[in-house]
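Asks: If you read the sequences in order, they're chains A and B. Numbering of the first sequence is given in our numbering, commencing with residue 1 and proceeding in unit increments. Numbering of the second sequence is given in our numbering, commencing with residue 114 and proceeding in unit increments.
Just so you know, these hints were derived from the structure itself, not from any lab. Be aware that one or more of the hints could be misleading.
[What the hints assert, rightly or not] Stretch-level coverage of chain A by chain B, calculated; a stretch enters the list once three of its residues show a Cβ under 8 Å from a Cβ in chain B:
# : region
1 : 26 to 33
2 : 46 to 55
3 : 90 to 96
[Unchecked claim] Simulated DEER-style distance windows between Cβ atoms:
#  : chain 1 : residue 1 : chain 2 : residue 2 : range
4  : B       : 166       : A       : 41        : 40 to 46 Å
5  : A       : 44        : B       : 190       : 38 to 44 Å
6  : B       : 175       : A       : 22        : 55 to 61 Å
7  : A       : 41        : B       : 139       : 22 to 28 Å
8  : A       : 63        : B       : 401       : 24 to 30 Å
9  : B       : 341       : A       : 63        : 27 to 33 Å
10 : B       : 276       : A       : 96        : 50 to 56 Å
11 : B       : 347       : A       : 38        : 23 to 29 Å
12 : B       : 148       : A       : 59        : 53 to 59 Å
13 : A       : 59        : B       : 138       : 36 to 42 Å
14 : A       : 59        : B       : 347       : 20 to 26 Å
Note that CB positions come from ideal geometry on N, CA and C, so glycine has one too.
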Amino acid sequence: MLTAGCEASPGKSQHMAQADAVRGKLAIERAGCGACHDIPGIRWPKGQAGPSLQGFGDQGMIAGRLPNRPDLLAAYVRNAPATLPGTTMPRMPLTPAEARDIAAYLYAASARR
Amino acid sequence: MSGDSLIPVLTPAGPYAGSITMLAWLLIAMATAVLAIVIAALWIAFAGSDRLKSRLGGSRTIWIGGIGVPVVILTVLLVYGLSLTRNLTAPVPAETMRVRITGEMWWWRVAYLDETGQAFMIDANELHIPAGRPVLLELESNDVIHSFWVPQLSGKLDMVPGRRNTMPIQADAPGVFSGQCAEYCGGPHALMGFVVIAHEPADFDRMMTERRASRTPVLGTGAELFQRTGCAACHRIAGTKANGTAGPDLTHVGTRRSLGAGILPNNRGTLMGWIGDSQAIKPGNRMPPYKMLSAAELEAIASYLEAQR
Chain A
1 MLTAGCEASP GKSQHMAQAD AVRGKLAIER AGCGACHDIP GIRWPKGQAG
51 PSLQGFGDQG MIAGRLPNRP DLLAAYVRNA PATLPGTTMP RMPLTPAEAR
101 DIAAYLYAAS ARR
Chain B
114 MSGDSLIPVL TPAGPYAGSI TMLAWLLIAM ATAVLAIVIA ALWIAFAGSD
164 RLKSRLGGSR TIWIGGIGVP VVILTVLLVY GLSLTRNLTA PVPAETMRVR
214 ITGEMWWWRV AYLDETGQAF MIDANELHIP AGRPVLLELE SNDVIHSFWV
264 PQLSGKLDMV PGRRNTMPIQ ADAPGVFSGQ CAEYCGGPHA LMGFVVIAHE
314 PADFDRMMTE RRASRTPVLG TGAELFQRTG CAACHRIAGT KANGTAGPDL
364 THVGTRRSLG AGILPNNRGT LMGWIGDSQA IKPGNRMPPY KMLSAAELEA
414 IASYLEAQR
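Given these sequences and hints, build the entire structure.
Replies: Okay, here's the thing in C-alpha cells:
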C-alpha cells in the first residue's frame with residue numbers, strides 16, 4: 001500500500017477516449033473472455049487456458065511481446081492474430097468500440113485494486 | 114449466459130407459462146393480504162383498544178376467521194387454480210412435435226422424434242421449436258434426478274430415472290428462452306443451463322430440412338485431431354467415424370448459441386478455452402482438460418467444430 005504512490009499513474013498512460021469500462025465489462029461477459037482468462041471483477045468463469053489478467057494494467061507487455069498500450073490492446077482483444085501474428089488468442093466477435101471498452105475495463109479493473 | 118444473468122421467471126412467453134404465472138401472481142397477492150391481516154391482528158393485540166380486543170377475542174372470531182373464511186377461500190382457489198392450469202394436462206393434438214430430453218450429469222441430451230417415436234435427429238443442450246405451436250417434451254434421466262425448467266415456456270418438471278414424464282411447451286413468438294436444471298444433481302448443477310430457440314414456423318421447417326440433408330464431412334487437421342486425441346470416443350458427429358455417445362452430440366455444434374450446456378457464448382475463443390480446460394470453467398464436469406494440446410491444435414479442433422452445422 002505504501003509503495004502504491006510511487007508507481008506511475010496508470011490513469012495517464014492508459015487513458016482511453018470515448019471508451020467505457022462499464023460497457024467493457026458487459027462486452028467481456030457477452031463474448032465469454034472468461035472461458036480462457038481469470039479477469040478482475042468477473043466472478044465466473046475464471047478460465048485457465050489463457051493467462052490470468054489480474055493486474056493486467058501494470059503489466060509491461062501484451063502476450064509478452066507487444067507494448068501494453070491502449071490502441072494495441074484494443075486491436076489485440078478484437079483481432080489478436082492480425083495484431084500479433086502467431087499468437088494463441090483467436091479473433092473474437094467484437095466491434096472496434098466494444099474492443100476499446102474492454103481495454104478500458106482491463107485497465108480500470110487493475111487500477112482499482 | 115454469464116453467471117450474473119438471471120432467467121426471467123415472471124414474464125411468460127406462451128400459454129403454458131402464462132397460466133402458471135397468473136396463478137403465481139394470485140398466490141403472491143393473497144399471501145400479501147394474509148400478511149397484512151396478521152400484522153393488523155398483532156397490532157390490535159398489543160396496541161388496540163380494550164373494546165376492540167374483547168369484540169375480536171371470542172371463539173366466534175376463531176370459527177369465522179380461522180375456519181369459515183379459509184375453507185371458502187381455499188376451495189375457491191383450488192377450483193380456480195385447477196381450471197386455470199387445465200391446459201398443462203390437456204392432451205395435445207396427435208400431430209404435435211415431440212422431443213425427448215434426457216437429463217445427464219450435467220447437460221441435456223436432445224432427440225427429435227418422428228411419428229413413430231424414433232429419434233431422427235440428435236442434438237444437445239439446445240432445442241429449436243416453431244413459434245405458435247405446442248411441442249411435447251418427453252423428459253427422462255440417465256443418472257440422477259434432474260428438473261427441466263424453462264420458466265418462460267412452461268412449468269418445472271422432474272426428470273426421474275426409469276420414468277418418462279411429459280410436459281408441453283409453447284412460445285407464442287420467435288425468441289430465445291433460457292432454462293436451468295432445477296433439481297440439485299451434484300457438482301456443477303448450477304452450471305447446467307438450457308436454451309430454447311423459437312423460430313417462425315417456415316424458418317423452423319427450412320432449418321430442419323437443411324439439418325436432415327446429407328452432410329459432406331469436413332476434412333483437414335481439425336478432423337484428424339478430433340479422432341486422434343480421443344474426442345470421438347465421447348462425442349458423435351453424424352456422417353463421420355466419431356460415434357461416442359457419453360458426451361453431447363456435436364453434429365450441429367457450430368450452430369449452437371452456447372457451450373458447456375447453456376453457460377458460455379459459442380465462438381472460437383470460448384471453444385478453445387473449453388476444450389483446453391473445461392474444468393476451470395465448469396469444475397467437476399466429465400470432460401477432462403486437454404492441456405497437452407498446442408494452441409494451433411486447439412484452434413484446428415475449434416475451427417473443425419465451428420464447421421459442424
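Asks: Which of the stated hints cannot be reconciled with the structure, identified by number in ascending sequence?
Replies: Hints 4, 7, 13 and 14 contradicted; others consistent.
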